[in-house]
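Peer 1: Sequence:
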Amino acid sequence: MTAHPDLLLQCFQDAASAARPALERCMVRAIAELQTSEIRCMQVNERDALGNSWRYLDARKTEWPARFAESLLAELNQAISKEANAADRQVLPARPAVSGRFKMDAVGLVAEDDMTQVIRGQRLLQDLMPVVEQALAELDPLVCSAMGLGYVAPERNPLRPAVMARLLQGLMTVTVEDNAATSLSFGLLAKPLGEELDKIYRQCTQTLKQAQIRSAGYQFRVQAVAPKTAPKSDFSQSHQLTDRPGDLVMGSAGNASAKPPYIESDLSDEHLKARLLQDFLSPDFRGHHQRPDPALAAPYYDNIEQELADLKAAPASSAAPFSAAAQERLARIPAVDRPQRAVDASTPLSEQVWGPYGTSRARSLVRTQLKKEATKVSQALGLDVVRQLVNQVAQDPRLLAPVREAIVALEPSLLRLALVDPRFFSDDRHAGRQLMERVAQRSFKYNDEFSPEFAAFFQDISSSFKQLNASAIDDIQPFGMALAALEQTWATQDQQDFERRQQVLQALRFAEERQSTADQIAFDLSARSDLEKVPGRVLDFLFGPWALAMAHARLTDTRNQIDPEGYGSVVPDLVWSVKRDVTLKQPAKLIEMIPGLLDKLHSGLALLGQDPKENEAFFESLMKLHRPVLKLRRLKSQRDAQESSAALLEPEEAPVSPAERLEKLRAKGDAPLWMGRNDLDAAGFEDTQPTAPAELGSDELMDDRTVEENRDAEAELEPTPELLTLDHNAPDAKEQASLVLQSLRTGRWVDLYSKRQWLRAQLVWASSHGTLFMFISHGGRPHSMTKRSCEKLIAQRLLRPVDTQGVVAQALDAVTLSATAQHLSAQDSVQQADIQGELETV
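Take 1 as the starting number for the sequence shown in my numbering and just add one per residue.
There could be a bad hint or two in this list.
List time: in silico DSSO-like cross-link candidates among lysine-lysine, alpha-carbon distance up to 27 angstroms [as the list claims (entries may be wrong)]:
1) K61 with K209
2) K613 with K585
3) K585 with K664
4) K600 with K579
5) K312 with K376
6) K792 with K734
7) K631 with K664
8) K624 with K589
9) K624 with K600
10) K613 with K734
11) K445 with K792
12) K755 with K787
13) K585 with K624
Cβ pair distances, simulated, as ranges [what the hints assert, rightly or not]:
14) D6 with Q742: 49 to 59 angstroms
15) E614 with Q126: 16 to 26 angstroms
16) E155 with E513: 56 to 66 angstroms
Since the hints were made in silico from the structure, they are not lab data.
The beta-carbon is built from N, C-alpha and C at its ideal position, and this holds for glycine as well.
Please work from the sequences and hints to get the whole structure.
Peer 2: Written as structure tokens, this is what we have:
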């Protein structure tokens with residue numbers, strides 16, 4: 001087929017020119033969405049993150065589009081040059097070069113940063129593909145035809161979404177300053193970028209069609225092969241898929257009465273299998289109606305028969321019983337420091353708990369038998385992916401060992417599901433995937449596998465999973481029913497804690513609203529003109545307890561009064577009564593005012609619920625301020641009055657403006673939120689108090705023999721990974737603790753040391769200013785604390801956030817990354833062979 005490099009160059013230049021304004025529009029839309037979210041957000045930490053994100057984008061909305069267009073044009077020009085050079089050599093173009101960092105034998109060799117970038121790029125591609133899928137399906141055959149290819153090879157299209165995603169990711173990676181801002185920005189650019197790419201692709205398609213370019217198609221080579229039969233299939237011909245992209249080797253139709261030919265593969269070619277697996281897992285997988293789903297060739301079944309025979313001949317191995325003594329030693333180690341048991345897909349499990357599927361051989365037999373029943377390549381690949389997925393979840397260090405074992409025990413049911421729905425795991429709304437994820441997420445309520453609470457939870461899980469393993473899996477229904485039953489059980493359990501939690505939360509929310517109202521009242525009071533020369537202790541009372549009393553009266557008022565309970569009218573009387581230069585001139589007015597004033601003040605504080613002792617100092621000061629006038633009443637002469645005044649008047653404080661006094665008062669604490677003693681107790685403010693590290697577990701010291709026993713138990717287990725690397729002795733420990741606290745969101749789980757016990761608790765509420773937090777541990781037990789207390793606990797490692805994000809999603813990402821690495825490694829091997837062949841030819 002003839003190549004058209006000039007036409008391609010023109011098409012690519014138009015695309016590169018359109019890319020700059022396209023990315024500009026994408027960034028403007030993302031910035032506007034972030035700004036809107038920032039305005040609507042009530043959480044301070046989230047609002048700050050949103051603000052940082054849109055400012056991050058705004059600072060680059062001129063630079064990025066220009067660099068993006070330049071990089072894209074360079075990429076396209078390079079692609080045209082490669083195709084021209086390949087045509088000159090009259091050989092097929094070499095496969096894409098493999099980056100050195102992907103030349104690996106296992107995914108574990110990938111650096112963590114590289115893995116993050118790859119996963120982020122895959123997610124961006126997953127968001128782009130649904131938007132551009134239709135336009136790309138039209139463009140791919142035209143571009144391949146213009147490049148001179150005789151077949152459709154989407155991976156050779158220089159305009160493919162993967163290139164766009166990589167270039168955009170490169171911009172963010174090079175200039176990254178704030179990972180949180182980058183993540184938010186990256187996610188919000190996906191949808192508008194997809195819409196802009198769709199326009200660019202359609203324009204390129206129109207350009208190529210106007211130039212009379214005919215679409216390329218799949219290239220078929222007829223090859224007569226002796227017919228073979230395979231279990232549960234009826235094939236008249238045997239056909240194989242070559243390792244060249246787009247080349248499908250088809251069997252001869254023979255005579256007119258022969259059945260239509262099928263594509264077959266035995267998956268024996270590692271490069272071909274890696275390519276099929278990567279395509280099977282790719283986010284742009286377009287379904288069976290658009291891509292061929294090869295049948296399995298007879299040699300595949302021969303291999304499976306041999307594998308099945310070997311399994312049946314192998315001796316069964318059972319899990320070694322975990323002795324009661326070993327369990328007791330392990331249980332004595334604090335839950336957060338307890339080493340983990342190693343679990344993977346081949347681990348023998350307790351037959352007492354899991355029955356016949358406790359043995360690894362029994363699970364492998366199910367898998368191999370199902371592979372024998374498979375008729376399509378997608379089914380065989382789906383079975384392999386399920387095994388890898390189970391293996392990844394089983395090794396997730398965030399999950400308790402019994403939960404990981406439960407996922408391993410569920411493998412037979414998951415495999416049966418994969419046979420009828422090979423790609424169920426790619427749909428996060430599928431009941432099969434949701435069951436695994438919901439069990440994993442629910443298990444994060446517990447941090448101790450030996451606790452009675454976890455034992456009850458695990459009993460429900462094991463019963464449900466064993467019932468699934470005993471059921472016929474012909475569709476999604478058994479998984480949906482199992483998930484619904486578990487959700488109903490969990491909902492019943494949660495309802496027991498819900499009412500108590502709501503009562504405590506209602507008190508906290510009311511206290512926050514009251515404090516917010518009181519702050520506004522205090523601010524309004526500070527602007528009064530009659531507060532000049534008022535003593536600081538009186539200002540503190542007005543801006544503090546009395547503003548709270550006025551706020552409480554307003555919030556509980558049911559009659560819509562202007563001044564509920566008349567507490568506002570007390571303010572001018574109190575202010576007048578403490579100005580000695582005025583009251584000494586009108587002693588009778590003050591003497592008449594004092595009884596009613598004191599009654600009103602006491603009634604307001606009583607309505608608020610304050611302990612009288614909390615304001616004893618204020619009333620003593622008020623009495624001293626009134627004393628000169630009270631003494632004056634008993635004096636007989638002006639001379640005695642002057643002497644008495646000179647002797648008894650309180651020394652005046654240095655003058656301070658009301659606004660300065662209010663600011664000083666607010667700066668005293670990190671959480672200016674007042675609550676009554678009963679409310680504080682109900683909210684669990686006394687449960688968790690920061691302690692020195694040396695005090696932790698001081699009454700739980702063990703003798704030398706116990707320590708040695710624990711070491712023996714730990715020697716057989718995996719070390720527990722650090723979920724929070726924070727050194728409380730480090731100079732920046734406070735700053736680190738603050739950053740950790742800022743990362744917490746409502747619903748996040750933490751390990752919390754409270755009353756000499758490690759608890760798994762969930763953050764259920766944070767004040768709008770991020771100064772007060774409430775956690776709930778098992779049984780609905782509340783733990784509330786100020787920002788300062790939280791930071792101290794974090795710095796002393798007495799509060800440790802738990803990572804609970806997407807257990808199945810992360811496992812699937814790891815499987816996908818491993819498949820990508822295998823494909824690239826196999827591709828690199830084939831490329832080296834091609835190069836060697838060309839050298840030999842020369």
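Peer 1: Indicate, hint by hint, whether the structure satisfies it.
Peer 2: Verification of the hints:
Only pairs whose Cα atoms come within 27 angstroms are accepted, and K61 paired with K209 is rejected, the gap being roughly 34 angstroms. Proximity of K613 to K585 is assessed by CA-CA distance (about 33 angstroms); at most 27 angstroms being required, the pair is judged violated. Pair hint K585 plus K664 does not hold up; C-alpha atoms about 32 angstroms apart against a cutoff of 27 angstroms. Distance hint between K600 and K579 is fulfilled; the C-alpha atoms sit about 19 angstroms from each other, no more than 27 angstroms.
A hinted pair counts as satisfied when its Cα atoms are at most 27 angstroms apart, and K312 with K376 qualifies at roughly 25 angstroms. A hinted pair counts as satisfied when its Cα atoms are at most 27 angstroms apart, and K792 with K734 qualifies at roughly 8 angstroms. In summary, the hint linking K631 to K664 is not supported, as the alpha carbons are separated by about 34 angstroms, beyond the 27 angstroms threshold. Of the pairs offered as hints, the one joining K624 and K589 holds, with about 17 angstroms between alpha carbons and a cut-off of 27 angstroms not exceeded.
Between the alpha carbons of K624 and K600 the distance comes to roughly 19 angstroms, so the proposed pair stays at or under 27 angstroms and holds. Of the supplied pair hints, the one linking K613 and K734 is violated, its CA atoms being roughly 34 angstroms apart against a limit of 27 angstroms. Restraint check for K445 and K792: the C-alpha separation of about 23 angstroms stays at or below 27 angstroms, so the hint holds. Straight-line distance between C-alpha atoms of K755 and K787 comes to about 19 angstroms, which keeps the hinted pair within the 27 angstroms bound.
Between K585 and K624, the direct Cα distance comes to roughly 17 angstroms. Compliance with the 27 angstroms bound is thereby established for this hinted pair. The hinted range of 49 to 59 angstroms is satisfied by D6 and Q742, whose Cβ atoms lie roughly 56 angstroms apart. A hinted range of 16 to 26 angstroms is violated for the C-beta pair E614 and Q126, which are about 58 angstroms apart. At about 58 angstroms, the beta-carbon gap between E155 and E513 stays in the expected band of 56 to 66 angstroms.
When the structure is compared with the earlier hints, violations turn up for hints 1, 2, 3, 7, 10, 15 and for no others.
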